[in-house]
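J.: The chain contents come next:
There are 2 protein chains.
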Amino acid sequence: MIQASYLRESVLTKAHSAKQSTQQLAILPTASKNEALQKVADSLWEHRKSIFMANLYDIEEAYQSQLTENRIDRLMITEKRLQNMIEGVYQIIQLGDPVGKTLEIFHPSNGLVIKKVSVPFGVIAMIYESRPNVTIDALSLALKTGNAVILRGGKEALRTNMALVAAAKKGLEKTQIPLDAIQLIDKTERESVDILIQAKGMIDLVIPRGGAGLIQRVIQNSLVPVIETGVGNCHLYIDESADLNKATQISINAKVQRPSVCNAIETLLVHQNLTETWLPEIIKAFYEHGVEIRGCPKTVKSVKDLQVIEATEEDYATEFLDQILPIKVVNSVEEAIAHIKTYGTSHSEAIVTENTKIADQFLAQVDASTVYHNASTRFTDGFEFGFGAEIGISTQKLHARGPMGLKELTSYKYVIKGTGQVRT
Amino acid sequence: MIQASYLRESVLTKAHSAKQSTQQLAILPTASKNEALQKVADSLWEHRKSIFMANLYDIEEAYQSQLTENRIDRLMITEKRLQNMIEGVYQIIQLGDPVGKTLEIFHPSNGLVIKKVSVPFGVIAMIYESRPNVTIDALSLALKTGNAVILRGGKEALRTNMALVAAAKKGLEKTQIPLDAIQLIDKTERESVDILIQAKGMIDLVIPRGGAGLIQRVIQNSLVPVIETGVGNCHLYIDESADLNKATQISINAKVQRPSVCNAIETLLVHQNLTETWLPEIIKAFYEHGVEIRGCPKTVKSVKDLQVIEATEEDYATEFLDQILPIKVVNSVEEAIAHIKTYGTSHSEAIVTENTKIADQFLAQVDASTVYHNASTRFTDGFEFGFGAEIGISTQKLHARGPMGLKELTSYKYVIKGTGQVRT
Numbered sequence: 001m002i003q004a005s006y007l008r009e010s011v012l013t014k015a016h017s018a019k020q021s022t023q024q025l026a027i028l029p030t031a032s033k034n035e036a037l038q039k040v041a042d043s044l045w046e047h048r049k050s051i052f053m054a055n056l057y058d059i060e061e062a063y064q065s066q067l068t069e070n071r072i073d074r075l076m077i078t079e080k081r082l083q084n085m086i087e088g089v090y091q092i093i094q095l096g097d098p099v100g101k102t103l104e105i106f107h108p109s110n111g112l113v114i115k116k117v118s119v120p121f122g123v124i125a126m127i128y129e130s131r132p133n134v135t136i137d138a139l140s141l142a143l144k145t146g147n148a149v150i151l152r153g154g155k156e157a158l159r160t161n162m163a164l165v166a167a168a169k170k171g172l173e174k175t176q177i178p179l180d181a182i183q184l185i186d187k188t189e190r191e192s193v194d195i196l197i198q199a200k201g202m203i204d205l206v207i208p209r210g211g212a213g214l215i216q217r218v219i220q221n222s223l224v225p226v227i228e229t230g231v232g233n234c235h236l237y238i239d240e241s242a243d244l245n246k247a248t249q250i251s252i253n254a255k256v257q258r259p260s261v262c263n264a265i266e267t268l269l270v271h272q273n274l275t276e277t278w279l280p281e282i283i284k285a286f287y288e289h290g291v292e293i294r295g296c297p298k299t300v301k302s303v304k305d306l307q308v309i310e311a312t313e314e315d316y317a318t319e320f321l322d323q324i325l326p327i328k329v330v331n332s333v334e335e336a337i338a339h340i341k342t343y344g345t346s347h348s349e350a351i352v353t354e355n356t357k358i359a360d361q362f363l364a365q366v367d368a369s370t371v372y373h374n375a376s377t378r379f380t381d382g383f384e385f386g387f388g389a390e391i392g393i394s395t396q397k398l399h400a401r402g403p404m405g406l407k408e409l410t411s412y413k414y415v416i417k418g419t420g421q422v423r424t
Numbered sequence: 001m002i003q004a005s006y007l008r009e010s011v012l013t014k015a016h017s018a019k020q021s022t023q024q025l026a027i028l029p030t031a032s033k034n035e036a037l038q039k040v041a042d043s044l045w046e047h048r049k050s051i052f053m054a055n056l057y058d059i060e061e062a063y064q065s066q067l068t069e070n071r072i073d074r075l076m077i078t079e080k081r082l083q084n085m086i087e088g089v090y091q092i093i094q095l096g097d098p099v100g101k102t103l104e105i106f107h108p109s110n111g112l113v114i115k116k117v118s119v120p121f122g123v124i125a126m127i128y129e130s131r132p133n134v135t136i137d138a139l140s141l142a143l144k145t146g147n148a149v150i151l152r153g154g155k156e157a158l159r160t161n162m163a164l165v166a167a168a169k170k171g172l173e174k175t176q177i178p179l180d181a182i183q184l185i186d187k188t189e190r191e192s193v194d195i196l197i198q199a200k201g202m203i204d205l206v207i208p209r210g211g212a213g214l215i216q217r218v219i220q221n222s223l224v225p226v227i228e229t230g231v232g233n234c235h236l237y238i239d240e241s242a243d244l245n246k247a248t249q250i251s252i253n254a255k256v257q258r259p260s261v262c263n264a265i266e267t268l269l270v271h272q273n274l275t276e277t278w279l280p281e282i283i284k285a286f287y288e289h290g291v292e293i294r295g296c297p298k299t300v301k302s303v304k305d306l307q308v309i310e311a312t313e314e315d316y317a318t319e320f321l322d323q324i325l326p327i328k329v330v331n332s333v334e335e336a337i338a339h340i341k342t343y344g345t346s347h348s349e350a351i352v353t354e355n356t357k358i359a360d361q362f363l364a365q366v367d368a369s370t371v372y373h374n375a376s377t378r379f380t381d382g383f384e385f386g387f388g389a390e391i392g393i394s395t396q397k398l399h400a401r402g403p404m405g406l407k408e409l410t411s412y413k414y415v416i417k418g419t420g421q422v423r424t
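So the protein sequences, as listed, match chains Y and H. Residues in the first sequence are numbered from 1 upward in steps of one, following UniProt numbering. Residues in the second sequence are numbered from 1 upward in steps of one, following UniProt numbering.
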């Protein structure tokens with residue numbers, strides 16, 4: 001009990017300090033924020049030795065805990081990776097300041113002037129897993145948008161995150177940024193997440209980034225508004241009127257170029273008129289790329305000689321993030337849309353066709369953050385959209401949908417100036 | 001157990017039907033939606049007798065259940081009130097269609113065309129209390145924005161709501177609107193709310209409207225994104241440099257014109273240099289308007305002869321929605337801002353001053369949906385902002401802040417057209 005209350009106090013004290021800093025943050029001029037980011041970038045490089053050292057301890061412990069090679073790789077900060085993080089900070093300096101913009105202005109007949117002005121959220125809590133680059137991304141995006149940030153990274157990256165935040169804060173010492181604007185939760189018990197996401201009034205927004213389990217737990221327990229990110233059960237539908245060359249290139253790219261990311265496809269839908277012609281070809285091409293195919297009965301039947309494994313319902317519902325691809329033959333674009341409606345996660349969905357009417361039907365009726373005609377789903381990304389930065393990809397419809405950049409980390413307020421108006 | 005599972009099935013069947021209708025709704029042309037609204041308006045008037053009859057039963061039962069006069073009044077539909085509801089439908093017909101607008105367009109160098117297009121949310125669940133006009137407001141706003149709507153009104157208004165929805169649906173019979181787009185939950189057990197707000201995947205947005213208890217319960221239990229509405233612990237700060245004539249008029253208007261609404265003020269903050277001069281005057285003016293004053297020690301002391309009751313901490317934290325007003329003397333605008341930070345609910349906050357610098361500081365540092373300089377807080381309202389309609393006033397920062405009109409009932413998606421682009 002004493003420990004639980006100590007944990008609670010520790011987390012809430014940090015949340016409170018972050019909240020206290022927001023008033024000062026909200027009114028910082030762009031130049032001060034950019035100068036602070038510059039100092040962060042310099043300080044990260046200056047303190048690289050202590051960062052690498054901390055990272056080494058984390059990696060050593062990760063080996064001892066027998067984490068997978070994959071997770072250890074995500075955890076590791078090489079000199080190159082640190083340079084990339086710093087490069088990311090420089091990119092954020094270059095971007096325009098999204099705060100303090102007049103978004104709309106109304107002039108009602110009573111003489112009031114009503115301005116809708118962009119403002120920071122206040123305090124954003126980032127809850128994430130092993131990648132330490134999220135620490136610097138989130139911290140820099142928060143600084144630029146005038147938000148305070150509470151960072152709750154994974155247990156296995158704690159020493160690294162502490163070193164990164166210490167270096168960043170060291171850089172901020174000589175700037176106008178209140179140091180309380182950046183808080184690292186160094187308690188990695190699960191409960192520290194629950195305490196954070198229930199700190200309504202102190203935290204304005206929670207962004208979870210990580211596996212489906214983490215995200216669902218945050219949604220289920222949060223009292224603070226959440227932006228749901230990331231899970232991508234994405235589909236590509238090849239219509240009977242597709243340019244088959246485009247179909248092949250997009251299919252391979254959307255699955256193979258980087259299967260472990262959320263905008264890679266997880267099921268291929270193919271019009272039945274292509275089962276005899278294009279389908280066997282693409283399956284062979286996937287085999288050459290080392291992709292395991294799981295087919296619907298029609299797929300299995302149409303390419304008997306290739307001995308395709310039969311797909312299960314569960315396969316259609318799974319975000320594999322791996323070299324596995326269910327293929328389903330459909331009768332029409334309507335059936336493709338219905339399949340996506342059942343199994344999709346509203347992330348990214350694409351059609352390949354030369355029939356504009358069918359393309360438009362697909363684009364209008366598929367309910368997802370990003371819908372594509374004749375392009376790979378892999379473009380759903382803040383950098384590809386030209387945002388210059390990305391805090392995550394929203395799969396919900398409230399506030400932000402798809403890639404979230406700087407603008408998506410702001411809210412707005414109405415500022416009304418009068419000359420004594422009262423309501424009659 | 002059988003009853004619980006029956007309730008569950010009944011609610012979820014309706015949510016599922018609503019979800020099924022969204023695909024068709026999302027692509028309806030503006031003319032079809034306006035024609036449908038016209039039919040709703042006509043049908044409401046045509047079926048007025050059955051509406052009044054149903055309302056009479058509800059009111060009779062309300063008397064038997066000894067509901068307060070106030071609540072019975074809110075429940076009642078007079079001919080005039082029905083006409084007002086119908087007038088509201090006509091106003092929504094006049095407004096522009098917020099769906100299908102290209103909000104932004106990007107042309108990256110790879111030749112993709114990326115359009116950000118406004119779309120409906122999908123299914124919106126409205127959870128509200130006794131006012132039956134919310135039923136028609138919500139239904140009409142949903143139709144115009146291409147959203148399906150699930151209506152869960154208060155128990156005491158059930159017959160009235162059933163008659164209103166039946167009339168509206170009768171009108172929709174000869175239109176392109178799928179009737180499943182409008183669902184009334186006729187199970188008024190508390191559990192029906194819990195089932196609704198946890199129907200993630202079937203419902204895209206929950207908007208609770210009503211008392212603080214209802215709103216908090218929805219936030220605590222919802223798995224679907226929620227827009228928090230309504231609770232307004234609003235303040236008015238009279239600065240030492242105020243035009244005292246404006247100060248008096250705005251103070252009286254913001255408190256007295258309609259004390260029962262969320263944008264009325266709940267505490268008056270007064271600069272200490274006004275305690276000898278303006279403060280006694282305004283207290284007398286409030287007394288003349290029947291307002292009970294509760295003062296801080298300085299207020300009580302400065303107007304000894306008026307025998308003001310002493311205010312408690314709880315008074316500052318209370319949204320009275322009544323003719324009661326705590327008054328607190330502060331040393332500075334900073335102290336006023338700090339008081340608002342502690343007790344405010346981010347709704348509407350105002351300053352009266354002729355000092356522009358102090359006004360700007362207040363407008364920038366007070367974190368609320370709407371901040372005012374020299375005007376009454378009573379203007380925080382969708383109609384006053386020129387939105388032509390209002391579904392509620394958001395006090396959160398995610399998605400929508402302040403009055404929510406048609407635009408706030410839409411989300412967006414990215415529609416990307418390519419010529420075979422793949423990511424390298």
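Please note that the accuracy of each hint is not assured.
Said to hold, decoys possible - Sample of chain H residues at the chain Y side, in silico, Cβ under 10 Å: (1) Arg-258; (2) Gly-420; (3) Arg-423.
These aren't lab readings, by the way, just hints derived from the structure by calculation. Glycine included, every Cβ here is placed at the ideal spot set by N, Cα and C.
J.: Are the hints correct? Go through all of them and say.
T.: For each hint, the structure was consulted:
1. Annotation: interface hint on Arg-258(H) holds; nearest CB of chain Y at approximately 8 Å, less than 10 Å.
2. Taking 10 Å as the C-beta contact cut-off toward chain Y, the hint placing Gly-420(H) at the interface holds, the least distance being around 4 Å.
3. Of the supplied interface hints, the one on Arg-423(H) holds, with its beta-carbon coming within about 4 Å of a beta-carbon of chain Y, less than 10 Å.
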